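Protein chains: 2
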Amino acid sequence: MAEYSIGLDLGGTNLRAAAITRSGEMLGIRKGKTAFAEGRDAIVGDMVEAIRELRDEHGAADLSGIGVVVPGFIELKNGVIRSSNNLTSLENFPLRDALSQQLGAPVILENDANAAALGEKWIGAGRTVDDLILITLGTGIGGGIIAGGKILTGYMGMAGEVGHISIDPMGNPCGCGNRGCVEKHASATAVSAMARLMLGQAYTSKEVYDMAMGGNERAKVIFEVMGESLGRLLAMLINAFNFPLYLLSGGPLDAWDLFAPAMLAEVHKRSVTARLTDTKIAKAELGNQAGLFGAAYLPWVK
Amino acid sequence: MAEYSIGLDLGGTNLRAAAITRSGEMLGIRKGKTAFAEGRDAIVGDMVEAIRELRDEHGAADLSGIGVVVPGFIELKNGVIRSSNNLTSLENFPLRDALSQQLGAPVILENDANAAALGEKWIGAGRTVDDLILITLGTGIGGGIIAGGKILTGYMGMAGEVGHISIDPMGNPCGCGNRGCVEKHASATAVSAMARLMLGQAYTSKEVYDMAMGGNERAKVIFEVMGESLGRLLAMLINAFNFPLYLLSGGPLDAWDLFAPAMLAEVHKRSVTARLTDTKIAKAELGNQAGLFGAAYLPWVK
Chain G
19 MAEYSIGLDL GGTNLRAAAI TRSGEMLGIR KGKTAFAEGR DAIVGDMVEA IRELRDEHGA
79 ADLSGIGVVV PGFIELKNGV IRSSNNLTSL ENFPLRDALS QQLGAPVILE NDANAAALGE
139 KWIGAGRTVD DLILITLGTG IGGGIIAGGK ILTGYMGMAG EVGHISIDPM GNPCGCGNRG
199 CVEKHASATA VSAMARLMLG QAYTSKEVYD MAMGGNERAK VIFEVMGESL GRLLAMLINA
259 FNFPLYLLSG GPLDAWDLFA PAMLAEVHKR SVTARLTDTK IAKAELGNQA GLFGAAYLPW
319 VK
Chain W
19 MAEYSIGLDL GGTNLRAAAI TRSGEMLGIR KGKTAFAEGR DAIVGDMVEA IRELRDEHGA
79 ADLSGIGVVV PGFIELKNGV IRSSNNLTSL ENFPLRDALS QQLGAPVILE NDANAAALGE
139 KWIGAGRTVD DLILITLGTG IGGGIIAGGK ILTGYMGMAG EVGHISIDPM GNPCGCGNRG
199 CVEKHASATA VSAMARLMLG QAYTSKEVYD MAMGGNERAK VIFEVMGESL GRLLAMLINA
259 FNFPLYLLSG GPLDAWDLFA PAMLAEVHKR SVTARLTDTK IAKAELGNQA GLFGAAYLPW
319 VK
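Chains as they are written, first to last, in our numbering: chain G, 19 to 320; chain W, 19 to 320.
Keep in mind the hints are simulated off the structure, nothing from the lab. Keep in mind that the hints are not guaranteed to be accurate.
Any copy will do: because identical chains look the same in the list, a pair fits if it lies in one copy or spans two.
Within a straight-line C-alpha distance of at most 35 angstroms, the following computed DSBU-like cross-link-like pairs (lysine-lysine) qualify [what the hints assert, rightly or not]:
#	residue 1	residue 2
1	K287	K51
2	K168	K51
3	K95	K238
4	K287	K95
5	K49	K238
6	K168	K238
7	K287	K49
8	K298	K168
Nothing here was measured: the structure is a model prediction, and the numbers come from that model.
Isolated chain G, as found in the complex:
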C-alpha cells in the first residue's frame, strides 16, 4: 500500500474527510452535514467516525498522519478554536486533543484558509513555487500565506486574514472598527451592497454578474470597482511580500473576466515591485477541495 494521510475539512455546513496519498491521489472520501444542532459531542463524534472509517479501510500501517481544518481563529499551540462565526459550540474547547485522544493518534489542527493555501501549493495552482498568498473571496475575504513551502501562521493563526486590510482610510466603515476594509469593497457582500446603491436593489453577486453579462453598464462598473479594490490590496501585499504568486479563489471567480482587467491595471499602476519582478496573479485550481487537500498535506509539511 502507498503512504497516505487523512485530511478533514469541517465547514459551516459540510464535513468532508479523505484519505490521500503523498502524490495527491484520493483513495477515499467521506461526506456529511455538520451536526450543528446536536452540539459539540455530536460534531466531534462525526469527525472521529469519518477519520476512523478511512483509517480502518486503508490501514493504520501506511497512515502518515491526520490533519483537521476548521474555520476561525485557532490557537495553534494548544489546538483550540478561539473564535469562529459558524462553529461556536467548538470555541474554547481543546478540539485537537479531544480528537487525538479518541483516535489514539496525533492530530494537527489548522485554519481552513491557511490549509487551502497549502493545498494549492501542494497540488494546485501553486505547485511550482514555494511562496504564495491565497485570497479567498466570498461573503467575506480571507486568505492564507505560504512562505518557504510552509504555512505562515503568525502569532495566532491570523496571518493571511487579509479581509480587514484597509484599501481606503476613508472607505466603508466595517464592524471591525476600521474603514475601507477590502471585504467591504470587493467581497460578494460588497458587490451586493454596491448593487443596492447603483442598481436600486441588493441583488446577489450572481445576479449582478448575470446583469453585467447581459450588457448592463452599471453592473459592469460594479465589478470594475471590485477589481480596483482587489488590485489595491494586491499591490500592498506584493509590496510587502514580493512573492511570485497570488491566487484568488471562491465563487466570485466566475466574474474574473469582469473584474480582473481593472484589478491587474491597478496592480501595475500601484506596485513597482510587481513591475520589476516576475509576479503572477492567477485563479486557484482546487476549488472547494483546496482545504481538504491542505488538511491531508499537513502531516507532511509540519
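Once you've looked at the hints, dock chain W against the given chain G.
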C-alpha cells in the same frame, strides 16, 4: 578562541566590518569611507581588505562564515545587486562571487534592511520572538521581515520594502507610480514636505522636531499626521502578518513621543488583530549597528 563570524555593512557613505562571537560580543571592528569616486574595484578591494584583516587577527580556524550587507535590491540566487540608489557602480556585478573568490571563502550577500531586522532579532529588541517586522524610517521608508527566525526574502529580496505601500489611494503621488506611499506621508522627507505646506518653509525633520518641542502647534500636528500614517501602515501589516512584534528604527525615532500616540491610536482603531492578540510596537535597539550585527549573524541562520 571563541567561534565568531565577520559581518560587513556597506552603506552609501561608510563601510564597517566587525568580528562578532556567537553570543554577540564584538571582537574587533574596521571602519572606513565608501570609496565611491574610485569605482568598483576600489570598493571591492576595501571590502576584501577589511574582512581579511579581521580574519588574520582572529584566526581562520574559528571563523564560522562571512556576511555582507548592502543597500538595494539583491538577486539572492546569484548574489548580484540589481539596483541601488547609492552603489550604482556595483549594480549588475557578481559581487558575492567576486568577494568569495578574493577571500577564498564563501560569502553571504543580503539587503541591509533585512540584515538589520535579523540583527534586532538576534540581540536587539526582537531577541525574545521568532517573528518580527522592522520598519526603517529615514529619507525613505524601508524594512525587513523575520519569519520563524529567518529573513523572509520574497522573490528578489524585496519583501519588507514597505515604503511604497499606499496608506491612501488618493494620497501624495510617488515616483513609483503609486499614490499615498507611506514614505510620502511618514518619512523625514515627508515631514519636511508637510513643513513647507504648514510652516511656510521646508525645514528639516530635525528642525520641525525642535519647533514642536518648543511648543509650535503646527509642528506638533505634522508629527501627529506622520504617526497616523505609520499607524495605517502598521494596521495593514498586523492584519496581514499577525506577528507579535513590529519595530521602528532610524533618525525620526527621536520624535517618538510626538508621533507614537497618534500611531498607536490608529493601530488600535484599524486592526482587530492588534486588539485581539498580543501585538507589540516598539523602538529598535541596535541603532545603526543593526545591519552590521545582522550581517555577522547571517552565517549562523542561513
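So, going through the hints one by one against the coordinates:
In this assembly of identical chains, K287 and K51 lie within 35 angstroms of each other by CA distance neither inside one copy nor across copies; the values are 45 angstroms within and 38 angstroms between. In the homo-oligomer, the alpha carbons of K168 and K51 lie at most 35 angstroms apart inside one protomer (30 angstroms), although the nearest pairing across protomers, at 42 angstroms, exceeds that limit. Proximity of K95 to K238 under the C-alpha cut-off of 35 angstroms is found in neither arrangement, the shortest distances being 46 angstroms within a copy and 43 angstroms between copies. In this assembly of identical chains, K287 and K95 lie within 35 angstroms of each other by CA distance solely across copies; the values are 28 angstroms between and 41 angstroms within a copy.
For a Cα distance limit of 35 angstroms, the shortest separation of K49 from K238 qualifies neither inside one copy, at 38 angstroms, nor across copies, at 61 angstroms. Proximity of K168 and K238 under a CA criterion of 35 angstroms is satisfied in neither setting, with 38 angstroms inside one chain copy and 44 angstroms between copies. Taking the shortest alpha-carbon separations for K287 and K49, neither the intra-copy value of 45 angstroms nor the inter-copy value of 41 angstroms comes in at or below 35 angstroms. Proximity of K298 to K168 under the C-alpha cut-off of 35 angstroms is found in both arrangements, the shortest distances being 19 angstroms within a copy and 24 angstroms between copies.
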